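Novice: Each chain, written out:
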Amino acid sequence: MVTVIEKRPQRREFWEQATTEPAWLRWVLVAVALAFCGLFLVVPLVAVFAQALEKGWELYLASFTDADALTAIQLTLLVSAIAVPVNLVFGVAAAWAIAKFDFKGKNFLTTLVDLPFSVSPVVSGLIFVLLFGAQGWLGPWLSANDFKIIFAVPGIVLATVFVTFPFIARELIPLMQEQGTEQEETALVLGASGWQAFWRVTLPNIKWALLYGVILCNARAMGEFGAVSVVSGHIRGQTNTMPLHVEILYNEYNFVGAFAVASLLALLALVTLVLKSLVEWKSAHPTER
Amino acid sequence: MTLLAFKKHSVLPGFGLSLGYTVFYLSMIVLIPLSALFFKSATMGWTQFWTTVTDPRVVAAYQLTFGASLVAALINAVFGLLVAWVLVRYTFPGKRILDALVDLPFALPTAVAGIALTSLYAPNGWIGQYLDPLGIKVAFTPIGIVIALMFIGFPFVVRTVQPVLQDLELESEEAAACLGASRLQTFLTVILPTLIPSLLTGFTLAFARALGEYGSVVFISGNMPGRTEIASLLIITKLEQYDYAGATAIAVVMLVAAFVLLFAINLLQRWSSRFATR
Numbered sequence: 001m002v003t004v005i006e007k008r009p010q011r012r013e014f015w016e017q018a019t020t021e022p023a024w025l026r027w028v029l030v031a032v033a034l035a036f037c038g039l040f041l042v043v044p045l046v047a048v049f050a051q052a053l054e055k056g057w058e059l060y061l062a063s064f065t066d067a068d069a070l071t072a073i074q075l076t077l078l079v080s081a082i083a084v085p086v087n088l089v090f091g092v093a094a095a096w097a098i099a100k101f102d103f104k105g106k107n108f109l110t111t112l113v114d115l116p117f118s119v120s121p122v123v124s125g126l127i128f129v130l131l132f133g134a135q136g137w138l139g140p141w142l143s144a145n146d147f148k149i150i151f152a153v154p155g156i157v158l159a160t161v162f163v164t165f166p167f168i169a170r171e172l173i174p175l176m177q178e179q180g181t182e183q184e185e186t187a188l189v190l191g192a193s194g195w196q197a198f199w200r201v202t203l204p205n206i207k208w209a210l211l212y213g214v215i216l217c218n219a220r221a222m223g224e225f226g227a228v229s230v231v232s233g234h235i236r237g238q239t240n241t242m243p244l245h246v247e248i249l250y251n252e253y254n255f256v257g258a259f260a261v262a263s264l265l266a267l268l269a270l271v272t273l274v275l276k277s278l279v280e281w282k283s284a285h286p287t288e289r
Numbered sequence: 290m291t292l293l294a295f296k297k298h299s300v301l302p303g304f305g306l307s308l309g310y311t312v313f314y315l316s317m318i319v320l321i322p323l324s325a326l327f328f329k330s331a332t333m334g335w336t337q338f339w340t341t342v343t344d345p346r347v348v349a350a351y352q353l354t355f356g357a358s359l360v361a362a363l364i365n366a367v368f369g370l371l372v373a374w375v376l377v378r379y380t381f382p383g384k385r386i387l388d389a390l391v392d393l394p395f396a397l398p399t400a401v402a403g404i405a406l407t408s409l410y411a412p413n414g415w416i417g418q419y420l421d422p423l424g425i426k427v428a429f430t431p432i433g434i435v436i437a438l439m440f441i442g443f444p445f446v447v448r449t450v451q452p453v454l455q456d457l458e459l460e461s462e463e464a465a466a467c468l469g470a471s472r473l474q475t476f477l478t479v480i481l482p483t484l485i486p487s488l489l490t491g492f493t494l495a496f497a498r499a500l501g502e503y504g505s506v507v508f509i510s511g512n513m514p515g516r517t518e519i520a521s522l523l524i525i526t527k528l529e530q531y532d533y534a535g536a537t538a539i540a541v542v543m544l545v546a547a548f549v550l551l552f553a554i555n556l557l558q559r560w561s562s563r564f565a566t567r
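Protein chains in written order, with our numbering: chain A, 1 to 289; chain B, 290 to 567.
For the record, the hints were derived by calculation from the structure and aren't laboratory data.
Small disclaimer: the values here were computed from a predicted structure and weren't measured.
Take the hints with a grain of salt, since some may be wrong.
Under 7 Å between C-beta atoms, here's a sample of chain A residues computed to sit facing chain B [stated by the list, open to error]: (1) L29; (2) A31; (3) V48; (4) K104.
As a list, the in silico DSS-like pairs of lysine-lysine whose alpha-carbon atoms are at most 30 Å apart [as the list claims (entries may be wrong)]: (5) B:K296 <-> A:K207; (6) B:K384 <-> A:K282; (7) A:K207 <-> B:K426.
Built from N, CA and C at the ideal position, the CB exists for glycine as well.
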């Protein structure tokens, strides 16, 4: 009897050792991970705000009274205000078709929806130049009808829509596949119309994933650089989005101005991360409010 | 009847509308514009295409892009695994903040990351001033490119390894310990093999993302032709010279590489999902 009681703590120790590391190694690993993330994630983020405020608040705030900076902010808001809703409608339609029905070629279609993710931003811009540019397929017809797409706002919108294309669809498809079709079928049996089933049953079930997709889509739409850079033409005060304006100011050695506009985009990124964590928490605890 | 053979019967409405709209929108925004790239390169002829992509400046850009992306993805695989491990297995102060922060490179616009990293690693920057006396130049060299690519690829490895690590059963580790394995042996022979598919997936995703990256790299690379000029930048340079054919040829090679990687990622994910259900 005595021996058994003596062995108990040793046993627990054995199981602990079986599934985890000694304390010193745990702390070394945590320290290395924190140091890596600190150096490569936190320091660059802090640097943006530090550089923006280097010459004081007055100069920082003055950067936003500049007319070109204001038009860049307006254009960025306009572009994401078009790109996000358009891709939202598509995302819901694609997820409905792919997740709720079984048909031939479904996996292929899912791969195609993800396609823009694997196309590099510069190539995404290039394809629209090839289509609508002065030497492009539709270029002569467009210029004959006095309609500008490349080096104008429509081109920026098109490139942004392309780049942010899969964001909402890919958040919805796996979730809706997991949820199956039983609840909607029940609603239909109880006499609901198709639209009623969608609004009353499907939408409440997917709202957090939908919001999550919209947040990510918006962050990318506002921050896109490569694709927009190719199609925009960099006309100051006309076709410059915020990221492009950052580039111009930086190349002119106006570092305070560049980092001031960049700090707005960094704030947007931080808000995105906070919302994302909130949404993740909400979808993990669906009953709590 | 043809519709019945094409799709399984379902009582839910809206199949025709949603699928029709999906295919239409997909074609207008993605498929038709992308096909323009291949048609454009087809009009070039093989010899013109070949001379463009084998030009020494272009080859140097390809080598730099693939090399730097590979190095960055390898470093990310190591540190991504470490961070995923720490986040899943240990508790420590600031863990939730770290978890949220991992996604920062997804949320931060690439141009912002680019100017921030450049100002940090420039010879008079916060970090560069300590490296410069040691003779280590980061900004405007391939090392700077690797650092920018590490930044943008980092979340991919963490976010693909993390869920697999979370689902791992502790019983197999206990069994290994019962059979007399040391903790290191357990990690190498029991845990690591189940993580390999997801680790490879994360590595490939980070690599693919790095290949096409533009915004974060242009600022820190210095853009010297033949030395620190990446493929994406070369495409833009050709476009600015109105050399559409040249830009297209370079882009087609990058796009084919991206599609091969996409195919590999699909295979890898199928492989890792088999592991996950076990």
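Novice: None of the hints should be skipped; say for each whether it holds.
Specialist: Each hint, compared with the structure:
Interface restraint check: A:L29 against chain B, minimum CB-CB distance 6 Å, threshold 7 Å, status holds. The restraint placing A:A31 at the interface with chain B is violated, with a minimum CB-CB distance near 9 Å, outside the 7 Å limit. A least Cβ separation of about 5 Å between A:V48 and chain B falls short of the 7 Å threshold, and the interface hint therefore holds. Taking 7 Å as the C-beta contact cut-off toward chain B, the hint placing A:K104 at the interface holds, the least distance being around 6 Å.
Among the hinted pairs, B:K296 with A:K207 is consistent with the structure: their alpha-carbon atoms are about 28 Å apart, no more than 30 Å. With a C-alpha separation of about 18 Å, the suggested pairing of B:K384 with A:K282 holds against the 30 Å cut-off. Distance restraint check for A:K207 and B:K426: the Cα-Cα separation of roughly 49 Å exceeds the 30 Å cut-off, and the hinted pair is therefore not satisfied.
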